[in-house]
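Each residue of the sequence shown is one higher than the one before, starting from 4 at the first, in the working numbering.
Treat the hints with care, as some may be off.
Here are the computed distance ranges between Cβ atoms for each label pair [claimed, not checked]:
no., residue 1, residue 2, range
1, Pro-171, Glu-67, 29 to 35 Å
2, Met-4, Gly-87, 47 to 53 Å
3, Arg-122, Asp-71, 26 to 32 Å
4, Leu-174, Ser-217, 19 to 25 Å
5, Ala-200, Asp-71, 19 to 25 Å
6, Gly-87, Asp-32, 43 to 49 Å
7, Leu-174, Asp-73, 45 to 51 Å
8, Glu-136, Glu-227, 25 to 31 Å
9, Gly-206, Arg-122, 44 to 50 Å
10, Glu-89, His-193, 31 to 37 Å
11, Thr-5, Thr-167, 33 to 39 Å
12, Arg-190, Thr-5, 25 to 31 Å
13, Asp-71, Leu-174, 42 to 48 Å
14, Arg-123, Pro-226, 28 to 34 Å
Source of the hints: derived by calculation from the structure; they are not laboratory data.
Just so you know, even glycine gets a beta-carbon here, dropped at the ideal spot from N, CA and C.
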Amino acid sequence: MTLSVAVGVATMWKDPTSPRPLDEWAVADEPDLTAWVRAMTGAEASTGLHGRAETQLLRGEPVEVILDADEWSRVVAPWQPKIGTEGGYPGWVRRSHLSAEPADGYPPRRDAAVLDEARRFMGVRYVWGGLSEHGVDCSGLVHLSFRRLGIAVPRDAADQCDHTSTEPIALDEVRPGDLYFFAREGRPVHHVGFVTAPVAADGTRLMLHAPEGSQVIEEKMSPERKAQLVSAGRVRSAGSTAGSPR
């Protein structure tokens, strides 16, 4: 059964037991994301949501309901592709956050560059799993910036790196709007950010990203970040339907 999101922002959880007492603002029948984000400390908004919040769904976004259990629904979100998962990003949402009636959602925007969209989030606080102006994480910033241009890319950083919608680019050939990907040795990609300028002659790299525990910022890439820089990619402007996994 296909339903649509009926509230401004619906948080998708790992399971119905995932929300903490302080998450009551997010799971209320009418969520108050401003109050929720304000109530959390930096750690509660980042590592405190690890293994709890998966992503967020926006008003009008379609979901396919797999299972209903009490006040919750297990769904997949087709607008948020995830490698290895058929149908889209999976998780649980409050049943009261869904409706059988179609809603308007975000209109596609094709009149601005992706960096213009990303810069609209400058100063927005980091929230793990966040996907709105109330709070975003690194891959949520990338996903939402492209989505507002009508381009579907995966939700998570590792999937954004490995999906067919992203063309690998040599690190010395990046241009503004490309993506930098970061990983620890022997580990999957865990962070992503936008390239905001070509690489300078002295090796300086500028990026716009949402670092954990901070806020969306445009800055010079630090030596610590450079040590974990593993690849770069360019999202293909293939319209509103993402390609299939490689």
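**Asked** Of the hints stated earlier, which fail here?
**Response** Result: hints 2, 3, 5, 6, 9, 10, 11 and 12 break, sorted rising.
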